[in-house]
Amino acid sequence: MKKEKSNFGFDIDHVLHELHHYLPAQAPLKDFVHHNTLHAFQHHNFHDGMQKAAQIFGYQVYLTLQEYRDLFQKNKINAEILEKRIIENKGVSNLSIWKEKLLEATYDETHSQRIGRFRKIWKAKYKINLDKYVHPKLFRSVGAFLDQGISIAKFPYHDKPFLDALRSIEKNSHTSIFKSQRARNILLLEKNPLDVLLKIIVGDENYYESYLFEQQFGHPGWSGMVCAIEKKPQSLLDKRRISIKEFIIYELLIELDQLDQLYGEVWKPIGDSLPQNFENNLFKEVPKSELFEVYKIWQEAYEWTYYDQVVKGLQIKPEEKHSDQKSFQAVFCIDDRECSIRRHLEGIDPSSETFGVAGFFNVAFFFQPEQSNFNTKVCPAPMTPDILIKEEDAEKRHKKDNHFNRHTHGFFGGLIITPTLGLWSALKMGKSILFPSESPAMVSSFKHMDKYGKLTIAYKGKKSHGLQVGFTQDEMIEKTEGLLKSIGLVENFASLVYIMGHGASSVNNTYYAGYDCGACSGRAGSVNARAASILANDPQVRAGLKEKGIVIPESTWFVAALHDTTRDEADYFDEDLIPVSLKSEHLKNKTVIEKALSANAKERSRRFLMTNTRKPAKKVHEEVKKRSISLFEPRPEWNHATNTLCIVGKRENNKHLFFDRRAFLNSYDHAIDSDGSILLGILNAIAPVCGGINLEYYFSRVDNYRLGAGSKLPHNVVGLFGLSNGMDGDLRPGLPIQMVNIHDPLRLLITIEHYPDEVLRIMQINPATYEWFINNWINLVVIHPETKDAFVFGDGKFKPYSVVTNQIERVEKLEPIFESVHDNLPILEIFTN
Amino acid sequence: METNNIILGFVLIPFIGFLASLFFQEKKESAISWVAILTTGLQLVLVIGFTINWLIKGTPKTNIEEITLYSSNEYQFLIDFYFDKTTVTYLLVGSFITFLITRYSQYYMHLENGYKRFFNTVLFFFLGYNWTVISGNFETLFMGWEMLGISSFLLIAFYRERYLPVRNAVKVFTVYRIGDVGILAAMWASHHLWHENINFVKLSNYELVHEHLMSHSEIGIFIGISLLVAAAAKSAQIPFSSWLPRAMEGPTPSSAIFYGSLSVHFGVFLLLRTYPFWEQQMSVKILIALTGLLTAIISFFITRVQYSIKPQIAYSSITQIGIIFIEVAFGFHVLALIHFAGNAFLRTYQLLISPSTVSYMIRDQHYNFHPVENPKTNKIINTLYILSIREWNMDSFMNRKIFNPLKNIGKSLNFLSPKNVFYYFFPFYLLGLFLFFNQEYIPKDMYEYIPFTYALSGLIMVLKSFSERLHPRLAWILILFNHFSLVLAVSFNEHFEFRETLIFLSGVSVAGIIGYLSLARLKKLEPDYFDLNEYYGHISRYPVLGFVFLIAMLGLTGFPISPSFIGEDLLFSHIKENQFFLGMFTALSFIISGIALIRIYARLFLGPHPNPMQSNPLKSS
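Quick mapping for you: the protein sequence lines, in order, are chains A and B.
When you line the first sequence up against the working numbering, it's residues 1 to 833, in that order.
When you line the second sequence up against the working numbering, it's residues 1 to 621, in that order.
Keep in mind that the hints are not guaranteed to be accurate.
[Unchecked claim] Chain A regions said to be covered by chain B (calculated; three or more residues, Cβ under 8 angstroms): (1) 398-407; (2) 555-569; (3) 694-706.
[Said to hold, decoys possible] Pairwise CB distance ranges (calculated): (4) A/K127 / B/F581: 30 to 38 angstroms; (5) B/K379 / A/T472: 34 to 42 angstroms; (6) B/Y70 / A/K120: 49 to 57 angstroms; (7) A/D108 / B/K379: 41 to 49 angstroms; (8) B/K85 / A/E594: 50 to 58 angstroms; (9) A/K399 / B/V548: 50 to 58 angstroms; (10) B/L294 / A/D108: 35 to 43 angstroms; (11) A/D108 / B/V548: 51 to 59 angstroms; (12) A/N373 / B/N378: 26 to 34 angstroms; (13) B/R541 / A/E815: 56 to 64 angstroms; (14) B/F436 / A/Q66: 55 to 63 angstroms; (15) A/K399 / B/K85: 31 to 39 angstroms; (16) A/K399 / B/K379: 51 to 59 angstroms; (17) B/N378 / A/K454: 46 to 54 angstroms.
It is worth saying that the hints were derived from the structure and are not from the lab.
Every residue gets a Cβ at the ideal spot worked out from N, C-alpha and C, and that includes glycine.
Next comes chain A alone, as it looks inside the complex:
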């Protein structure tokens, strides 16, 4: 792009770049991926970034003092750890002063923010509430332009870039978009409208940047969406061309139009009306505030109260119970929702073994369902694979429901349909509310791929959409090797190895993409699990692996499966290919998995306050399943709520611990990672993925109004890409309150079973990954594999950490706890007789 500079040195490209950086970066709904809501501040230390975000934009970034103090009263923040945090931050000599400050002192917590000053001046000096006129017009035009299929009449000239489309309409109609002549002329005639508009409206170019920032942050949702689409036009199926620059020009045009309408063309630019002491630099250093230091210590004490138990638990040496004979092995996604099902499997069949790895199972590709016009990416969002896997001989998984039919909105169509289909709706509504059942409106993880269809796995020289269709032989070997080494499964193969993808099912859930597998870009993991299994079962792949030293016995078979985390159901793929000799074993394993699923549903139900957890697992399971098909259930499952931990290490060293579904569990064996490349790969993935999930939950919880999406109950679907409240509201990025009610806002703690020096070397290789740790957006503890000593990362180095927790509770049976406690549980040690 050509650099555009106005005559005086105002650098518009720089401002647009900054806006892109600071505005919410949430993709359209279908591509919902969790990310750090305040990524714009990630180059600062976490707590410094928090204070900046709070004081510049007015966000709430911590709990309130009262909430922390209540937690302290309820023993949810440990007194000893609190003291330790004070000493760490302020020194021993200041302990009592700061303790008093934390526990007793009163602070003014009212919000003050820098942004929003221009609007006040418009109101005070020009007697105009610009937003009231500008926002509805702006949102309506851009919403209609971007619409992906709700409206029946499409935006005229939607194939052109936004401003060109507006120009064409303006030229070819009997009415005008504007009320005054000047705005119309600028749109139609000016070559560089932005400069002209800013000159008229703002006047002094020193204020351009802060004016534009404030303007765009008056509706961060829409501006962020425009930025996201500008950056990734392919996130819309029906392509649109729009840029934040066009959007700003149009907004300025409407402002000008409104002011002209009111005052003629003679009003003074706002730059001339600013008070003497107007602070122009939004991002000027914020002064240190004691309140934020108090917040910082409270937050750390809150976090370490939990982390401390985790470290203590990981230091416990599990009893040696080595048996090489495994009944079966199962590879799961690291997702925190898979944490408990693995525990149940291992509990029901103690000789089984489970592994955790990012749920795309090291096979990254685009997937094209049969009869579909589009590809979907099924690997972590930052990756851009060059492989396409097509589905063949599959059934279409889309049923019609006439309630979504456009003709219901027509004149005659409506006239015919209303008295007929309308009466039918009464029955349908009655049935779906009183006796919920599956319907075409729902999203089911099992429909991501047709179980009985075929996949084009092997490359046969074909290309499609510029992508290679299928994997080459070498790629297959490389992918499989990568998968097995990363989880440390290179020997002792069981005869059946399950590769379990996961997905979710729900109805009336606009956030459905956020419930599926994050490592598959918000899709179910079924295709990836199936592809990975096909690869691992391929004789030539196995031969290739043998050369690399990984010997998979001939008697071993990989079975792909999908775990539906909402319904706690599992389905298996290509079962007909399982060798006859293993079929009965497979059936036996299936019953084990079935049992584990019900037990898991029961465990989950303790968080569903309207379900009676005391009933037998089977019964509870049936009730849990209903949540996925009930129109009225805003919480089909809790998704990632309560996530706090990411444990990297051998499963045998943490399977004695109860993590209460709060942990991402990543299998890793440092012993087979001599050069650290495996750990590097893991860190590169878990820092942005788990860190992103964790921080999105954190911010949506502490400031649900501004960093979250508010309540989802009044949400209105906009253009199939976003959500707003009501008709004229801003788009709402972030998570709704219904997803975070039970979430405790703690940052992620990653623990790695390895040597501190080695981890320090590896984590610094990729600066983007290192930033998460050095700036404390994620906490990191390394557990020495032999001594079990703990080291905590801070200020660029590892320091020994001594735990405060004396003892963690040992329990034999968890079920009574599930039946009686609905809150977060502490770390527990599970023992078996």
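For chain A, the structure is supplied; the task is to place chain B on it using the hints.
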């Protein structure tokens, strides 16, 4: 007798349910929701049973004079109920949908702030709904009508900490209020046409109506047009349509029940109910049909360009209601009732499953999407597109033609301040009182102007109150004074008895004092955030005070919880046929005072607090 009791049950059950729901604590979610489900479920069963019985009996029209609230030698205020096929249809559809919605909300609203408030309001709405549906005369209908209005306001502003819901709630309430002028005018005119509080069953006597209208056809047309205004406002017909999509600010099920289905069809109900009034007036019939037709056509175009789901459903519903208006006008009432039921069910269900649109349509696109190359356009298509995106300027039309002029009149009264306002009004009022007791001083040819003058002064106070920006207490007092002015004005008409004055003023005075004290208390607590320039959201900190003020405000508006309500009707019955301006001013000040009061409540107690302790929603959110 037995039938009568059952019909009475149709308002008693919701009433008891509503009262019961008030007694549970916020935390008792399941108790609250079960009260609502049982109430609506019981009602549903009763309605179905009664309907079957009614069908067997051969669908008789039934009228029940239930309660006489006030009676003097020439005036009676009766609560009167009526039952016919329109009643049956509305009762059935209403209780069926409300039952399902309460069941739906039991889970949907789980853990939401205001769980209890939601069910209280829904039950109150349910009471108002059934009350209106079985009402047998205008007075009774109007009571229900008012309950619908206030419950609508409360549900739209359910998310009261946000700016847009509150602003839109005030907007919708305002439109409703304009509709209320229509009903009041119709009531006033029909007093004079019939010389009694006519009930609907008498209206169905074609000859009787015919005979009366023969001699007073202008009044007939006046009544017809008044009813059309009321119906058009309530059913979002032109030029009022733009309120409907803006009303969808509450939780989805409440939008579904109110604006998708039940509330929005009350215009249709009013027309069906008063059909005998205007069926013999060809001009009114044509006007109603034209309103419907024009609405249907325009909102058809608006529907086509809606890019978000709820406004799209709202406008397609308006299109169908337009068509229903035509059906009613031409006497196809069974068709209209079926059409109503179908539209209500369809839109409710569409709204309930509206969040599913995303996944459904994206999936649909995966299989069926073909990009449009070179979309077809021409000047006419583009013009229609721009007009429709702007909703044919209906929203700005309402602002420009109705509210801005009123505000401008109010602004021209800016010389009135809390300090001087009473210097103007007090002496003037005392003069009035003096003249009233010493009527011999009044010159003969002046006499007829006096009521008019005092009504006008009342209206000026109301306008001032409506546009007041700084002093909430002044705005409040002015409304109270307006009532006194009106009473004085009407008192010059001979028949208005002292007892009647007392009934009217007792209600407003008590409400006025309580409201004033609440405001004084709030001013003391929050001196920095106490004016009418912004929304201050004080209810978050002072919920009890907010509630007390709400009740006082309802009392002062003459809401049917205070005796003032009867007085209001009495007042109108004493305005003579030829005192058109007196009638107009009284009706106008009644309407605008309602808006002014809800504005005081909304600005002080609702919306985001400007300086919050915790996070605060953006205004645009």
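(Q) For each hint given before, does the structure comply? Return the numbers of the non-compliant ones in rising order. (A) Failing hints, ascending: 2, 5, 7, 10, 11, 13 and 16.
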